[in-house]
Every structure is written in structure tokens, then in C-alpha cells.
Amino acid sequence: MKNNHKKGSLSLNYFLIFSCMFCVVFVLSTIYVLSLYQSRKTLKDHALFRSAHQIGQELQLSFDYVNNLLVFLGEKILENDPHNLPQITELLQGRLVNNDSIRDQFSWAMFDWSTPDKQMRASTPWGIMKKPKDISHRYYAHMAFKEPWKMHFDKRDIGISSGQLIIPAGMGITHADGTPAGILSLGFQISRISQRFEQILGTSNISFIIIDGHHAPAIQSADIENNAIHDHDIQLALHKIPQIKGYHPLSTPLILGDTVFLSYYAMEHYPFIILVGYNRTIFYQELREVLLPGIIGFATIGGVSLLLLWLLRYQIIAPTLELSKAAELLSRNVETVIIPKPRARELRVLARQLVNVKRHIKKIHRVEKQLIHAKIEAEKANYAKSKFLANMSHELRTPLVTINGYSEFLTHKMYGSLDPRYVEAGGYINTAGNHLLHLINEILDLSKIEAGKMEMDEQPFDFNRLLKTCCSYIKETARKKQIEISTETPDNPPALYADQLRIKQILLNLLSNAVKFTPEKGHIFLKFYVRDGALFFEITDTGIGIAEENIPLILSEFGQIYQEGYEKATEGTGLGLPISKRLVELHQGTFTLTSTLNVGTTIIIRFPPERLR
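When we follow our numbering, the leftmost residue of the sequence shown carries the number 625, and every step to the right adds one.
The set of hints was computed from the structure by calculation and includes no laboratory data. The beta-carbon is built from N, C-alpha and C at its ideal position, and this holds for glycine as well. Be aware that a few hints might be false.
Said to hold, decoys possible - If you anchor each label on the Cβ, the simulated ranges turn out as follows: (1) K1151 with N704: 46 to 52 Å; (2) H984 with L1020: 47 to 53 Å; (3) D1115 with E1082: 22 to 28 Å; (4) T666 with I1228: 39 to 45 Å; (5) L658 with Y689: 44 to 50 Å; (6) V1223 with A1119: 31 to 37 Å.
Based on the sequences and whatever the hints tell you, model everything.
Encoded structure:
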């Protein structure tokens, strides 16, 4: 009876599994909804950030241009006569006509000129005004001569000249001694600016309010204007904004009408704050449209899954759990796991596959042990190679330096007169020793670069001076071959921040190659310049050139090519160009080689802007 009771309780276990599956589907649906909501909100936050920056940059561009234009007009007026109204009117009207396309882009209205007594005397639409208009009620008129040559803004109002809804702005013009000369004013047409911003924002459901320095709304998106938000709402909103320059999220969302504002952008040089947000009703409607298909899909999948689980629980769930447990033990590398033998044919296939997996895991363990052993042996070999190169640096350099020194003594007859044959033999020994020492140094440099152990002593230095020094080293060889070397350098170039010794090594490699592979009476062009903040060095020769298919080979370690003209010129190790390229890349630069057979070769080196001082 006890065993029967245990068998009968299996239905309860399956019921619990059924309930768990239902809970899983519900939780996954909830996670899906929350993640989708958060994703949409994040996208909306990014859209707010972009919109605030786009609006801010558009205003900044417009205000900067108009500010500079007012300064220009003011200077032109002072150059002539600030009391000559016909001349001023002609200047203002001419400037307006000449800037029609820009005015349409930046959306300003007509120019006005007022005298220091704050009386408007001239306007682009009316010309010289028979009856002056008083502008003393304008804020910019009040500030014009307190802070001259600076554009000041008033609350939005109906323009005195244009009769349109504008943001009035003006600038006080003063003589060199500070005496007031007059006031230049204009108005930014709000309708055009709003249309411009609506074009920028498109259909992104972004709402905005631009608040001026008087804590009043200057420009609003169409949906906010429909809600008729009052100045009192703006005053309350400003108390919640820290008004730090730049773009910042609001610590507490600001709700005005049906719009929720999440961020603001305070302009750097002008007294305007841009609040950006979105219409909650539209946002939630869009969210529902996105969520509903997903929720329905989850509900359908969950219902079908639970139904199948309920129908097949006797034949699949229990044996599947056993196989799952066996698979889990296999994933933990438990080789002693016993694979069950279920009754269902499909599950028996799975069981056989698990048996194969078990065998494969054992095989992998054997291979893994072999790989670990091979890795240890490779590390030992690499260590032995590094140790050998380090020993070679000492064991070969020291005797070679001694050999080179004594051979120079023989060549220069430091021990007295010698038979010419001995002098000639000493020269051969010295040449061969220097060649071998150069080869050892190049191999060691390449080894250090590959191991990432090349030490760099980076300091700012004069690249032009270093180039001249390197040219002096190959000058005599070039003279013997009657090769002309031309150099083009900029005036007062910036210093290059790099390892001067390694840059010198690069230049000498390139210069010696150019001289080596350029025939007699050839030409070598050297040029360095600064473009887009980066330093470029070009070396072009009229040498034998390289076939296009041989360029990758010549840039590889020990790469030697065999083509007409190279048999006589090739004396190197095939390491000069690869090492030069590696050293340039260690300085975050680029190394480009182009060549045409029997025409010549050009190498361009570029060092990035952060390398210039």
C-alpha cells in the first residue's frame, strides 16, 4: 500500500510541474513586458537627449550667427556715420537681402536701428521712420549700454516692425570711448523656428518648451501650446531645475498638463533652457501597440506548452528528467554517470547520443591532457628561445664590437704601416662584422616587438631636425650615385611625441632603402606635413620599384624578392621594412607602401593627432 501510495502521488508531482510551468510563462511574460517597457523608455530617453542637443545646437548656431552679424553691422555703422539714417537704412536693407537664404534657415525678422534715446528711427520694412517708435519698454534697450556689443533677449512679443510673434533681441553699439551710438535690434520669428524644430523632430513624439531668461515660455511644441501652459506653471517648474549648463536629466519628472518632462538643456552662452519630454497618452498608446502582440504570443505559447505537458507527462517528463540529470552530470565531467534506458524510442535515441557524448568527453579529456603537455613544452621552447636571444645579445655583440674595433685599427693603420693587403682585409672584416651586428640588432628588435617588450622612451622632439640629421648620414652615398634629394617641410611644425631613437631607426631604414634601390642620377623626394591634426611623412624615389604581387612579401619578416634589378641591390636581411612598419604601429601610426615596377616607390607614414605637441 505504501508503494502504491508513492506511485499515486506522481500525479501530484506532475500537477506541481504543470503549475510551475504556468508560473514560468507568467513570469517570462512579465519580464518581457517590463524589459520592453524599459527598452522603449531607454530609446525615448536617447531620443530626448538627441532632440535637446539638436534644438540647442540649432539655437546656438542661429544666435551665434546673428550675434556676429549684429557686431559686423555695428562696426560698419561706426565706420560711416551713426547719424546718417539713409546710409544706415541702405546698409540694413542690403544686408537683409544678401542674407535671405541664411535668414530663412535661422528665422529672424527685419533689422531696426534706434538712437541712444531708445527711439526707433530706421527699419528694413519701413525705411526711415517719419514718426519714431519708443522701444524703452524692451529689455534689450534697458541692457544695451550696460553691456554693449552683446545680444540681449526680451520676452516673446509682437514685433514693432514686423507685426509678427517674435523673440525680440538687440545689441547696444558704442564708440571706442564707450559713448552710445545706437541700438541694433531684430526679432526671431517664432513660427519659423517652431516649423524648423518640428522638421528636426519629425514624428518622434517629442515635446519641448524653450524658456527664456525672464522665466517665460519663448517657444513651445504644438502639442504643448494646445494645452495652454501658463507662465505660473513655468515658474513652478524652474524651482525644480538646478539650471546647470549642458544636458541633464531631471531628478524628479516634471508634469505639465499631459506632458511629462524628463530632461533639460541649459544653453552655454545664452539665457535659454530647453525642457524636453513626451506626451504620456501617445507614449502609452505606442507601448500598448507593441506589447499586445507579444503578450498574446506568450499566452498562446504558454497555453499550448502546458497542454502538451499535461498530455504527455506520463511518457516524457519523468524519463526526460532522468536523462537531463545524466546530461548535467556529464556537463560536470562526471565520467561515472550511468545513462538511463527509457522506453520511448525517441528518448532511447537521445540516451544513445548521451552515451556517445560520454565517450567523446573521455576522449576530450585525453586530448586536453596532451594539449596541456604540449603547451608546457611550447612555453619551455619559447622561454629557451628568449633566453637564447638574450644570451646572443651579450655573447655575440661583445666579440663583434671587439672585432669591429680591431678591424678599424687595421684599416686606419693605428698600429703603424701595414701591407695594403692587410688594410684591405681589415676593411672586409669590419664590413662583415658591422653587417652581422646589424643583423643581430634587427633580430633582437623583432623579437622584442613580437614579445611586446619593446621599451619606448617617448619625448617631444623636432621631427624636422631629426630628418635633416638622417639625411646627412646618407648624403655621401647619394652623392656617389649622383642621386638628387629634395625636401619639403612646413614652417614651424609641431613637435612629435615619440621615441626619437626608434623614429630615427625608421627614417634611416627608409632613406637607405631609397638610395640603395634608386639607380644613378635618380631622384628622392622627402616631404612631411600636418593635415587634419596628424603628421604625415612621405618618401618617394625613382627606383626600380616593386611588382604589386611582391609588396606583401617585402613587408614580411625576412622577405626577399627576386626580380630584375634586385640582385645587385639586395644586401639586407629583409627585416628593415617589417621592423619600420612595426615601430610605426607601436606609435599608433599607419605605414602605407605603394610601388610601380620600373617607376618608383612611395611610402607614407601617418602619426595620429594625439602624437603632436
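Verify the CB-CB distance for T666 and I1228 against the hinted window 39 to 45 Å. Taking Cβ atoms as reference, T666 and I1228 lie about 43 Å apart, which means the hint holds.
For the pair D1115 and E1082, does the Cβ-Cβ distance stay inside 22 to 28 Å? 25 Å, holds
Given the range 46 to 52 Å, decide if the beta-carbon distance of K1151 to N704 lies inside it. 49 Å, holds
Looking only at beta-carbon atoms, does the pair L658, Y689 fall within the given range of 44 to 50 Å? Between L658 and Y689, where Cβ atoms are some 46 Å apart, the hint holds.
Is it true that H984 and L1020 lie within 47 to 53 Å of each other by Cβ? 51 Å, holds
Taking 31 to 37 Å as the hint, is the beta-carbon distance of V1223 and A1119 inside that range? 35 Å Cβ-Cβ, so the 31 to 37 Å window holds.
Violated hints: none; the structure is consistent with every hint.
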